[in-house]
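*Asks:* For reference, the chains in residue letters:
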Amino acid sequence: MYPPYRLTLTRAPRKPLIVLPHTLSEVTGPVFGHGDIREADNDLTRQHEGEPIGERITVSGKVLDDNGRPVPNTLIEVWQCNSAGRYRHRIDQHHAPLDPNFSGGGRTLTDAQGNYRFVTIKPGPYPWENHPNAWRPAHIHFSLYGTAFATRLVTQMYFPGDPLLPFCPIFNSIPDPKGRERVISKFELNRTEPGWSLGFRFDIVVRGREATPFEGKK
Amino acid sequence: MRAKSKTGRVLEPTPWCTVGPYFSVTVNDSNSVRAIAAPDAKGERVKLICAVFDRDGKPVTDTLVEIWQANADGKYNHPADRQEKSIDSPFRGFGRQITDENGACEFETIMPGRVPGPRGALQAPHLEVGVFTRGVLKLLATRIYFSGDAANAECPVLALVPKTRRATLMALPVAGQPGTWRHEIHLSGPKETVFFDV
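Sequence lines, in order, name chains A and B.
The end of the first sequence is residue 218 by our numbering, with every number in the run present.
The end of the second sequence is residue 1198 by our numbering, with every number in the run present.
Short derived list, chain A residues pointing at chain B, Cβ under 8 Å:
id, residue
1, Ala12
2, Lys15
3, Leu17
4, Pro30
5, Gly68
6, Glu77
7, His89
8, Asp92
9, Arg107
10, Phe149
11, Ala150
12, Thr155
13, Ile170
14, Val205
I should point out that these hints are in silico values taken from the structure, not numbers from a laboratory.
We treat Cβ as the ideally placed atom computed from N, Cα and C, and that holds for glycine.
Starting from the given sequences, assemble the full structure and let the hints guide the process.
*Replies:* Here it is in structure tokens:
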């Protein structure tokens, strides 16, 4: 629970979590493949007839486990609002225009070295109803399966230097300042495509296998 | 070679952030999975209704519910499961659905087999469940067991749960609808479901 993020008051469990020793059920998980991905799923600027309005960017990086090993062939799903700060979603009522050329959803698999890359436009900030004059900093949502049920990760990637970050209770719900730094992407000049797009790097660390499951062998 | 930190890790995991309200921009009907088991999968058919509630008993809409389970023989469709049991190809074992205006969603599956647990003791048939919703900062991991299954009494994982709270993990058969089970997940409040630290 994190009271400044109001909705946690009615939704966060209050009782202590029960520690679950990893069994086969936790060290296995869904496996995804190229059949789950379509052409242009990782290029959010090419999903419609025209190009979306906004600052074209690439977001790329590596998925590693906490032992520093690359996580290959893992599914990454992203979603974001458009450059005006509006999601293409029925419950987003923000008074900002939808962009007919932008849906805001992407999917990809990491390659054999754990690398991934998305092409998109920079999302805008937007107001929300948590408290008076609340604004979300620009962010892209990331969902990863990793290698097992226990390695699942859903997070949000932010942009360096965003002046809204210190005021955001969702960003500040990450207790450790070093943890907050790890969800801010880095601008890297060598990831820009000259004359085309700016490049941001976002490396993601999922949990590794912590325990060897007991497999019932004699 | 990077040095390990105090936690024994080379790298610290990326922190969780809430899934928020808008994930169905990407996770939606075109790629959500209602059929954990295709119609020709081996095993006793189960239609599972999951309903999610908040502290005040209000339905929680726009929530992602994910299921991971073993097949009828107790084998996971995953390389880390090295048991000498066969994969059943119409059975994937994975499902994800989004709750509707009643906080509910449905899955089509089969009754899972038993898989080994700590010290080799067999676990009772269960599903792994992940719940993702706005107002929740990280994955809520829970399980669904089937009420009345004799194996529940000897499940080494259920044994870790205080007796008074075990009922919060039990799906109940729906009267008059054979093969249909209903399970309530209470995020908080007097009926709070047991959640696990995985």
